[in-house]
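Enquirer: Go by the hints and put chain B onto chain A.
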Amino acid sequence: MLESATAAHKAPAKLAKKSTSQTKYWKPYQTRWNLISLLTLVVAFLENLLVPAQELVNNVTYRWFLVAYFAYLAIVYIAGSVVHGKVRLYSGHFAQLNASIGLLLVVQDLLTEKYAVIQQPFFVSFAQILDQMKTDHALLLASTWSSLGLWLISFVIGTIIGIALGLFMGRYHQFNYWAFPYLKVIGIIPAAAWMPLTMVIFPTSYLAEIFLIAFSVWFPVAFMTIGGVQSISKDYFESAKTLGFSESQILRKVVIPGALPNIFIGIFTAMGLSFTMLVISEMIGAKVGLGWYINWAKGVGNYTQVYSAIVIMAILFSIIFSLLNKFQDYALRWREKTN
Amino acid sequence: MVQLAVENVDRILEDNNGQKINVLEDINLHVGSGEFISIIGPSGCGKTTLLRLISGLDTPEKGEVSVDGNLIDQPDVSRGYVFQHGSLFPWETIKENISSGLKATNGHDYDKKLVDHYIDLMGLKGFENAYPHQVSGGMAQRAALARSIVLNPELLLLDEPMGALDAFTRADVQDVIQRVWKQTKTTMILVTHDIDEAIYLGTRIVVMTPRPGKIKEIVTNPLDFPRKRTSDEFLEFRREIQDKLNF
Chain A
1 MLESATAAHK APAKLAKKST SQTKYWKPYQ TRWNLISLLT LVVAFLENLL
51 VPAQELVNNV TYRWFLVAYF AYLAIVYIAG SVVHGKVRLY SGHFAQLNAS
101 IGLLLVVQDL LTEKYAVIQQ PFFVSFAQIL DQMKTDHALL LASTWSSLGL
151 WLISFVIGTI IGIALGLFMG RYHQFNYWAF PYLKVIGIIP AAAWMPLTMV
201 IFPTSYLAEI FLIAFSVWFP VAFMTIGGVQ SISKDYFESA KTLGFSESQI
251 LRKVVIPGAL PNIFIGIFTA MGLSFTMLVI SEMIGAKVGL GWYINWAKGV
301 GNYTQVYSAI VIMAILFSII FSLLNKFQDY ALRWREKTN
Chain B
1001 MVQLAVENVD RILEDNNGQK INVLEDINLH VGSGEFISII GPSGCGKTTL
1051 LRLISGLDTP EKGEVSVDGN LIDQPDVSRG YVFQHGSLFP WETIKENISS
1101 GLKATNGHDY DKKLVDHYID LMGLKGFENA YPHQVSGGMA QRAALARSIV
1151 LNPELLLLDE PMGALDAFTR ADVQDVIQRV WKQTKTTMIL VTHDIDEAIY
1201 LGTRIVVMTP RPGKIKEIVT NPLDFPRKRT SDEFLEFRRE IQDKLNF
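Protein chains in written order, with the working numbering: chain A, 1 to 339; chain B, 1001 to 1247.
Just so you know, these hints were derived from the structure itself, not from any lab.
Remember, predicted model here, so these are calculated numbers, not experimental data.
One or more of the hints may lead you astray.
[Said to hold, decoys possible] PhoX-like, lysine-lysine: derived pairs with alpha carbons at most 25 Å apart:
1. A:Lys-337 <-> A:Lys-86
2. B:Lys-1113 <-> B:Lys-1125
3. B:Lys-1095 <-> A:Lys-234
4. B:Lys-1095 <-> A:Lys-337
5. A:Lys-234 <-> B:Lys-1103
6. A:Lys-337 <-> B:Lys-1125
Bound conformation, chain A alone:
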């Protein structure tokens, strides 16, 4: 039938040839640093073992932690020295950081548990925190699950409401005219200000907490979504029309993907606010959750427990953050990489 019109013009696509792991793990691989970082962990272990403690501390969990950390690094480093490519880049890149963490572990242990330079009980050693986490693991795990569940349902509700409102306000002038002034005035109110009211208005404190967290989420998401829709080039809408798209197809295939980069900015802003609101609302109204745990520990004066909950939050929120980041990378894979 028809022959290829431009067989001679199959120019290679201008895909970036430098691999992403090369730009991500840019520190050069040096065996020296790998060894130093392992050494700092050995020092941390020996120091904890040999220097006498000022008070009674169960160091078993901490030492197991050090052993596990050491084993993990040793495996990564050995793999990196044998295999080239991503594993090697990864093992080389983080060697210096791992060395500094090892050093930090030594210093904090000496300052608190060993010589009590920093006053206890407000500052405790990492070993004490780990031991506390082990003793209290059942309650901490239940609290973590409860917090995660509450956060997830509230965040999803807030995000969906925010995106839906934002899309409609960005797309339809009439809707924007009537709704945007209210959005501006109501959305700017900090969710925490509603706390006393929600505690009496909602039948259960759980519902009140969902409302408060969702409230902290919907506004940044809606606001960024509106901007995202309005920033879409009118060329895309016009092409869609000449290609026979219906209004709902324009909404699904032009408006949503076009606004998506901004929607994600809104979601990430909202995420930080939602973590804050999660902890605050749990501290006030709840009988479960990490926020409640901290408040309860404060009541009984056990600051090691407070630290345990904080460490768990750091881990939990980091995981949520990086999962969301991965999701963003996938959803926006069509975008030109800027690095």
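Expert: Okay, now just chain B, sitting in the frame of chain A:
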């Protein structure tokens, strides 16, 4: 046989001071089935506005634009439009872009073979799953062309689709357009400010003048196919058009 009729069309815009500007004034143009019309003129002569009126993306203050007697007042799949910058959807792959119009009208039962055929014809094989930012400008424009032509329009409107390309890529895309025009017999209207391009592709050349935008003259292209950009006849006709553009 008259297919497209533009009759006594005025397009008036107001600037920020409320001053009226005649973007187009008294435009009359009749285009028959299978023609290739090149509209040429300096920037600001309203040639893109005229193309938008024909597509239905814009409406005139006075006069009528119609196809086979049916008044045009909104865009339609029967009139394809290739934008200056292609405006492929950056969030869709080349293949998804090309099938987007078919999917919009036929749902998921669209003719996938037709899409593959045009991917092949446009030299896009191997880049079906690339995103628009990953391919060259020429490829993106060929994909944009495929996206419109795959819908089998009666009329294909080309709004300086080669304006942003370098000279080599431009010649390549011109040949692709000519080939598609000959094989599909689709009526095409091209807006350009490149005289060579207008002559190389057009069966008739519409010469426009600016402020207010008017049609100065419509010249029938005497050159036979295949055309050679360096032949004496080509250069002579080029001089003739050049003279008409110097006002």
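Enquirer: Next step is simple, just say for each hint if it's right about the structure.
Expert: Right, here's what the structure says about each hint:
Taking the CA atoms of A:Lys-337 and A:Lys-86, the gap is about 19 Å. The hint holds against a cut of 25 Å. In summary, the hint linking B:Lys-1113 to B:Lys-1125 is supported, as the alpha carbons are separated by about 13 Å, within the 25 Å threshold. Of the supplied pair hints, the one linking B:Lys-1095 and A:Lys-234 holds, its CA atoms being roughly 22 Å apart against a limit of 25 Å. In summary, the hint linking B:Lys-1095 to A:Lys-337 is supported, as the alpha carbons are separated by about 21 Å, within the 25 Å threshold.
Restraint check for A:Lys-234 and B:Lys-1103: the C-alpha separation of about 21 Å stays at or below 25 Å, so the hint holds. Among the hinted pairs, A:Lys-337 with B:Lys-1125 is consistent with the structure: their alpha-carbon atoms are about 24 Å apart, no more than 25 Å.
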